[in-house]
Amino acid sequence: MPSISILASSVCLTPAQTHTGDPVQDLHAKVDALCDRLRDKPVGAFLQALAALAATDSAAVELRQRYVDDLLAPFQSIARSNGLVRTLSDDAVTAVVSPLLVDALLLGRRPNRSRAHRAVDLHFAGVEVS
662 MPSISILASS VCLTPAQTHT GDPVQDLHAK VDALCDRLRD KPVGAFLQAL
712 AALAATDSAA VELRQRYVDD LLAPFQSIAR SNGLVRTLSD DAVTAVVSPL
762 LVDALLLGRR PNRSRAHRAV DLHFAGVEVS
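Under our numbering, residues 662 to 791 are what the sequence shown spells out, in order.
Because the hints were derived from the structure by calculation, they are not lab data.
Keep in mind that the hints are not guaranteed to be accurate.
FRET-style restraints, in silico, Cβ to Cβ [unchecked claim]: (1) Leu783 / Asp731: 35 to 43 angstroms; (2) Thr755 / Asp697: 28 to 36 angstroms; (3) Arg747 / Thr681: 19 to 27 angstroms; (4) Asn773 / Pro703: 29 to 37 angstroms; (5) Thr681 / Arg776: 17 to 25 angstroms; (6) Lys702 / Thr679: 30 to 38 angstroms; (7) Ala712 / Ala786: 27 to 35 angstroms.
The C-beta atom is built at its ideal place from N, Cα and C for all residues, glycine as well.
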């Protein structure tokens, strides 16, 4: 079984972030990027392996959390950089991203991209930003 340090070194960091200045448009782009990562790259399989490993190796718990945080980071960055209150930002990001991860990791389905785009519109469209 691979060691935690080997797994930690293989964690894919979030691709470079570019922002248009329109937070809703940027979040829609991040939804597409995350759906592509979950579909095309071993993101889902890697996180499933981390979850299984975390059941028997406590060192994997922190690595699993870092990996999930990395998947959430682009969404949180956009929301927070546009002046959204942290609690509102965290709740809205969770509402957008969590179903994608559940689809890919627990249910073995392709992430529902259109549902995630609707969630962005529901939670971010019309939000006053500073």
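Against the structure, the hints:
About 25 angstroms separates the C-beta atoms of Leu783 and Asp731, a value inconsistent with the hinted range of 35 to 43 angstroms. Under the hint 28 to 36 angstroms, the C-beta atoms of Thr755 and Asp697, about 20 angstroms apart, miss the expected range. Remark: the range hint 19 to 27 angstroms for Arg747 to Thr681 is upheld by a beta-carbon distance near 22 angstroms. The beta-carbon spacing between Asn773 and Pro703, approximately 20 angstroms, falls outside the hinted interval of 29 to 37 angstroms.
Separated by about 23 angstroms at the C-beta atoms, Thr681 and Arg776 satisfy the suggested range of 17 to 25 angstroms. Between Lys702 and Thr679, the C-beta spacing of about 19 angstroms breaks the proposed range 30 to 38 angstroms. Distance hint for Ala712 and Ala786: a CB-CB separation of about 33 angstroms, consistent with the stated range 27 to 35 angstroms.
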